[in-house]
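Peer 1: Sequence:
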Amino acid sequence: MMTEASEYPALWLKDVSRGYAQGETRLEILIEAEMALWPGQSVALVAPSGAGKSTLLHIAGLLEKPDTGDVYLAGASTAGMNDAARTAARRTEIGFVYQFHHLLAEFTALENVQLPQMIAGLARREAADRAAQLLDYLGLGHRHAHRPAELSGGEQQRVAIARAVANGPRVLLADEPTGNLDPRTAHQVFSGLTDLVRASNLAALIATHNMDIAARMDRRVTLRDGKVVELP
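According to my numbering, the sequence shown is numbered sequentially starting from 34.
FYI, nobody ran anything at the bench for these hints, they're computed from the structure.
Remember, it's a predicted structure, so these values are computed and weren't measured experimentally.
Computed cross-link-like contacts, DSSO-like style, restricted to lysine-lysine with a CA-CA straight-line distance of at most 27 Å: (1) Lys47 with Lys260; (2) Lys260 with Lys98; (3) Lys47 with Lys98.
DEER-style ranges, computed between Cβ atoms: (4) Thr58 with His135: 33 to 41 Å; (5) Ala109 with Glu263: 21 to 29 Å; (6) Ile64 with Arg158: 44 to 52 Å; (7) Asn234 with Ser185: 24 to 32 Å.
We treat Cβ as the ideally placed atom computed from N, Cα and C, and that holds for glycine.
Starting from the given sequences, assemble the full structure and let the hints guide the process.
Peer 2: Given below as C-alpha cells:
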C-alpha cells in the first residue's frame, strides 16, 4: 500500500556523502550523512566553521549534488532530476534565507515579496495580496511601500523571510539569518521566523552560531566526522 506524502519527512537526506579534491588529496566533508526534517519543525544546525554547514545546506537546497546518497522532498527522490527539474523544485519546494537579505534595492518591500510569486505564475493582484498578508504577519504592515534602504536591518531580514516563504515551500533553509543583527533585533526576527514556520507547517533548517536561538528550536544537530549528530 502506498504511503501518503504527508507521512514522509518534508526533507530527508539519506546517506549523503560529499568531498572535494584538494591538490593530490581528497577532503571528505559529509560521509553517509542522514537527517530528516518534519513539517512544522525548526532544527538548528550548529557547528564550527569548516565543518560542512554550507555544503549540507547547498545539498539540502538542491544547489549542489552529493557524490553519493539522495535528497528526498516529501518522499520523492531528487537523484534523477535534471537541472531544469532541480531549479523548478527549488522555486516551489524550498525557500532560502541568507545572512545578508539580498533584497532588490529598486523595489518596495511588497514588490520584493510579490515578484517571486509572479515568476512562479501567480497573477499580480493575488501575489500582492499574499505579500501583504505575509508582511503584516511579520509586523511590517506599515512598511509595504518602503524600499530596502528605508528599512532597518531587522525589517530587511523579515522582508527576506516573507519572500522566502511566498511561494509556499515545504522546506525553509536559513544560513545565519540573524548573524548581522544585534541581540534584541535577532530575537525579534527569530520569533517571527519560528511563528511563521509553525503557522505554515514548514520544515526549517537554520544554521546559527547563536546558542540562545538554537536552544529555542525544536531540535539541534551538529556535524561531527562528516555525520549529522543530534544534540540534547
